[in-house]
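J.: Residue numbers (our numbering), protein chains in the order written: chain U, 1185 to 1511; chain V, 17 to 264.
Careful, some of the hints might be misleading.
[To be verified] Lysine-lysine pairs mimicking BS3-like chemistry, simulated, CA-CA at most 27 Å apart:
1. U/Lys1427 with U/Lys1486
2. U/Lys1271 with V/Lys18
3. V/Lys114 with V/Lys18
4. V/Lys18 with V/Lys111
5. U/Lys1447 with U/Lys1427
6. V/Lys149 with V/Lys58
7. V/Lys114 with U/Lys1271
8. V/Lys111 with U/Lys1271
9. U/Lys1447 with U/Lys1486
[As the list claims (entries may be wrong)] Per the computed footprint, the stretches of chain U lying under chain V, defined by three or more beta-carbons under 8 Å from a beta-carbon of chain V, are:
10. 1297-1303
11. 1308-1315
12. 1354-1362
13. 1460-1466
[Unchecked claim] A short list of chain U residues far from chain V (calculated; beta carbon distances all over 10 Å):
14. His1293
15. Leu1338
16. Arg1375
17. Gln1436
If you're looking for bench data, these hints aren't it; they were derived computationally from the structure.
Just so you know, even glycine gets a beta-carbon here, dropped at the ideal spot from N, CA and C.
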Amino acid sequence: MGEGRTCLNGEAMATPPAHSGVMTSIQINGLTKRFGNVVAVDNLSFEVAQGSVTGFLGPNGAGKTTTLRMLLGLIAPTTGSSTITGKPYQELVDPFRHVGAVLESTSFHPGRRARDHLRVLCTAAGLPLTRADEVLDEVGLSEVGDRRVKGFSLGMRQRLGLAAALLGEPEVLILDEPANGLDPEGVHWLRNFLRFYADQGRSVLVSSHLLAEIAQTVDNVVIIAKGRLVIQSSLADLTDRTKPGVWVRTPQAQALRDALAAKGIAAELTTAETVMALETTTEDVGIVAAGAGVVIFEMTSKHFDLEEYFLELTTPTTDPINEGALR
Amino acid sequence: MKNLIHAELLKLRTTRMIYGLALAALAFVPLSVAGAIISAGKSGGGPALGTGEGIRGVMSAGSSGILTVLIIGILIIAGEFRHGTVTSTFLVSPKRGKVVGAKIVAAGLVGTGIAIVAAVLTLAISVPWLASKHIHLHILSHNVGMVLLGGIAATAIYAAVGVGVGSLIRNQTAAVVVALGWVLVAESLLISFAHEIGRWTPGGGAAALDGVSHHGLLPMWGGAVLFVAYGLLFAAGGTRFIMRRDVS
């Protein structure tokens, strides 16, 4: 989908996606978590490359939060393991200096002032108290630092959470649905911030249930559904899969595919009776089919945007069209 | 560890809860001391003021703020789960045992502070009042000094018990209700009506350490040993439980 790429404007495009072979910042190895009979996370493995922004995507309830909490040592995995900067979180010395995490917008004492919240964390982490003022400034909360958190909007809480994560100037930043509650301007600010952060050679893992929300920012995506890995890919590869195409139902699927290939049109057999021709039009496919003497029962042009594709990846479906488009 | 203790103290200082509780605890001191002095020697009251037992009764009345410290201990940990701040607490210090330890120390320090102020208040009220009744207190005597010190020690240990209870019972309100119900109702009844059992309860130990004169209780040193053991038990149990708990 050309559109998705052009949205990646200016500086964002400058950073090449998917640094394969580069050091990994986060490594998840076969994590599984069962709550009673419910399998929240099911044998999940993926990694985050250093210096990249990785989007961690999945519908609500897919197991994103549970995965991040296991990664951060807050939830004990049933099986599996994970490391950040080479070590399990619990074994990091001064974890705040390595990893910053924003997990939810409500985890503040309502009666405590924003600056005090940060000072408490500075004290516990052995950081100078001046860091509290610096990060308040960084996230644009300097003026409300002396207010009690109960008067904060959701967006302000998100910023305060981010401020807390930045205290130790960590090399890895982990954010769980950070765009929740942010206004469009706030989302824009967040995107630029994450980009800026990763461009300094640091890594970001950011979860979201909306691909569109972070598609402009991420280099790589990890998509999960029902606790399982659906796909780990660079965003560029993912957008390649969402180019427009033509779906055809025909009893001569194999013959049609060969005929299309002969004309330089890429096509795949999606079932024994359906073909997906990529980056072409119904007119071209119709002409090729007529030339090859292929009978067509049904033909329709498909245009996917990234969001649709994401939905298809994460929603179980029996629709053969969608099944076909997946592969 | 030092950083964590400082952080816990800063947490306490930066919300209003601690000030309210400290005020409540200290406001209760004059009331109970005055009550003990007025009712002493009368039917339904404690032993007469002229006796050693009577003096101990007045002195131990000043430590009635210990319940407040139990509550502070509970809130210092259960409040973190209630507000979700436990997430960032455990992110800064993934070694949870240290966090619980820091909380016990912090609650104990605050509790001791409150107890010392309570002891000073007790003396400030009772010394002139009793002097007007021609009873002169010797602060270093067994009946005065030991009882006040015992009260301070009991208060500090109650902080550890509170942190343990707050760790074991997930819900902050439930933890406070259960703890107060146990101390104010169950233990009081046991100590009064079944002192063979009551003397072995945490409250029985604390009361003995506190110097409360009641025929069913252990001697002061026995109360001290018993109550310290309870403090360690609750702290260890709470820590163990917190270590395994998923924070979500």
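J.: Against the structure, test the hints numbered earlier, and report the numbers of the ones violated in rising order.
T.: Violated hints (numbers, rising): 12, 13, 14; every other hint is consistent with the structure.
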